[in-house]
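A.B. asks: Here are the chains, one letter per residue:
There are 2 protein chains.
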Amino acid sequence: MKRRYLMTPGPSPVPSVVREALACEIMHHRTDEFIEILKEINEGLKYVFCTKNPVLTFASSGTGAMEAAVTNLFSVKDKVLVIVGGKFGERWVEIAKSYGLDIVQMNVELGNSPTAAEVKKILDENKDIKGVFTTLSETSTATVFDIKGIGSLTKDKNILLIVDAISGLGQDALLTDEWGIDVVVSGSQKGFMLPPGLSFMSVSEKAKSFMKNSTLPKYYFSLAKALKSYEKNDTPFTPAVSLIVGLKTSINLIKNDGIENMWANFKKMSQAAQQAALALGLKVFSKCPSSSLTAIVSPAGINAKDIVKKMRKEYGVSIAAGQGELEQKIFRIAHMGWINEQDLIMCFSLLEKVLRDCGYTNFKIGASVARLQEVIYG
Amino acid sequence: MKRRYLMTPGPSPVPSVVREALACEIMHHRTDEFIEILKEINEGLKYVFCTKNPVLTFASSGTGAMEAAVTNLFSVKDKVLVIVGGKFGERWVEIAKSYGLDIVQMNVELGNSPTAAEVKKILDENKDIKGVFTTLSETSTATVFDIKGIGSLTKDKNILLIVDAISGLGQDALLTDEWGIDVVVSGSQKGFMLPPGLSFMSVSEKAKSFMKNSTLPKYYFSLAKALKSYEKNDTPFTPAVSLIVGLKTSINLIKNDGIENMWANFKKMSQAAQQAALALGLKVFSKCPSSSLTAIVSPAGINAKDIVKKMRKEYGVSIAAGQGELEQKIFRIAHMGWINEQDLIMCFSLLEKVLRDCGYTNFKIGASVARLQEVIYG
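For the protein sequence lines, the chains are A and B, in the order given.
Per the numbering used here, the first sequence starts with residue 1, numbered consecutively.
Per the numbering used here, the second sequence starts with residue 1, numbered consecutively.
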């Protein structure tokens, strides 16, 4: 009878109205009815991505669309800058390496954002850089990057800016066209409030011009094929029908709330979570906290994995430990998609209990919850 | 209030018990609970594929796993034989060409199966062929290929046999290990009775040995990554959680019926559909009819697309027209997955009406339905 609460940075919870849509009777994808749905979601995705350009949908997890950004826009030995501030920056490196790109790797201190000045220095020193790969919300450290600042450097140059917004989209402000971002990649299982299985990719005119010169091999993730079908509200290969029907519902939820309002709400939730951590005498890990999730440093002598395990095993609340070298040092609480303020209050009320059970007692019971109430309800 | 009936060769209908599973509350994929589900489906897939080897699951449509078979097992200029008897044979050619393989293309007359003797001749003339790409059920012509015969040629040689069983698996008999098939590729939206969005791929020991020599680039569809995670009942990238939960249910349905019984039932349905077409004075297109669907030649002067359109628009029954040069010449009725004998009877009763409305009256009303009843119920 134990209820489960999902406070992890993907998959995040799926609203029941979307789950009901997922269970719809299956329809054929080459029908007027389905074409209408694709037309509607194609328009809706432009709204969520803040772009006038096409946003393509693939049946894959987000990494598939990341690969598409590499294989369709570049060629072997093309020089690219990859900004690495955690696990998902490293993923860009792995993919670019798999396809033989010439990588200039900029390492950012974990929990910090690259500054535009630092990026400018590298671009100035490497005039032959053709693309910059970076991340909106680096999920592994709960850090938001200064995408607007980086965009100002590449916008008017023949350099593509490619942003992994898989965990950030919907929570962290992202003005794709205004900031001059050429490709934004995302996935279905975070801000879109869907199960995993869809990836998305916006493609600017500049990106389209790069496609012509790319000689890397591709087939399933071919942008040329996908863009050609897109014009007819179609897909080159069988689309993930049920997830797309669910997406129609979730985009409507986003439209109803308004994307700017969502950014403001999640920013407030992020600030509330940070304040709640401080009220427990704990440290927030990131110097530039993402609006999508909060990383909290585990108290001295307590393994973050133990906190995560107790939260799940004893109370049914899934939060996430760190990744890589941070695995035992931080735990991460998501506030994205369908996760709301009440979930945060529930989560911190149990976190207080679990911290005490782990031997950390340097706070008064209710301290974090009261702080959440103050910040959220004012 | 019009009810919809899906008699297309994918997506095919999804049982309500599976649709309910798809609507389950989302769970995190790095939990004991989900690992148990993956463990169960990994075992179940072995049963359905008739193999002791691993069967990998990707979040993609079937074409993604086809690409994985090319990029993980071969290198640029490797010589491969591709057997082409329709659209899905052509897809193998397109993918292999995209990755620079040296293709020997064997064209089979549309609606016919390649014979083992013909394949042997080509293999004898090209001793450097490293792989054979073919299709179990060529959906575009509703034809089953002699996979057992082809397997007997490659089984004891250092040649990989790779079979696209996307539409055939579950209906057309396929003894992966016994017939010596190295890689079988399939998808979720046909025999597996799920929405599209998952692809599958069995990998023999011989195929694993080819992986080591492959130098083609890959990342999302990397078999090395997928096999490494598979050992721990995990996946390298976020799995399509809801579809996998649904797969658990659909595999149980298959196990309950028994795969051999399903082959026998679908063979009987195929024979019944063929007989029903003959009873209408129509011609079955394929000389080697698949158990997964039946292609019927449209009566002289009647465009198959009109029949398909009327069936859908007026009666809500989706069947499929031909593809490519057969587009206007044949229409195809699927019997796969959750489609049963009663659906066939419903479908032919309306087909009789639509044929008459199109001006073809060369049969007595009820002729095809009576023939179906005779063949099915004996």
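Any given hint could be a false lead.
What the hints assert, rightly or not - DSBU-like, lysine-lysine: derived pairs with alpha carbons at most 35 Å apart:
#1 K283(B) with K206(B)
#2 K309(A) with K228(B)
#3 K267(B) with K353(B)
#4 K77(B) with K228(A)
#5 K228(B) with K79(A)
#6 K255(A) with K228(A)
#7 K218(B) with K52(A)
#8 K212(A) with K225(B)
#9 K225(A) with K206(B)
#10 K148(B) with K87(A)
#11 K206(A) with K206(B)
#12 K255(B) with K127(A)
#13 K79(B) with K225(B)
#14 K97(A) with K232(B)
#15 K313(B) with K225(A)
#16 K218(B) with K157(A)
#17 K248(B) with K212(A)
#18 K310(B) with K232(A)
#19 K232(A) with K206(A)
#20 K87(A) with K46(B)
#21 K121(A) with K155(A)
#22 K206(B) with K248(A)
#23 K225(A) with K148(A)
#24 K287(B) with K148(B)
#25 K309(A) with K364(B)
#26 K157(B) with K79(A)
#27 K77(B) with K353(B)
None of these hints come from the bench; they were simulated from the model.
A.B. asks: Hints numbered earlier in the text: which of these fail when held up against the supplied structure?
C.D. replies: 1, 10, 11, 12, 17, 22, 25, 26, 27
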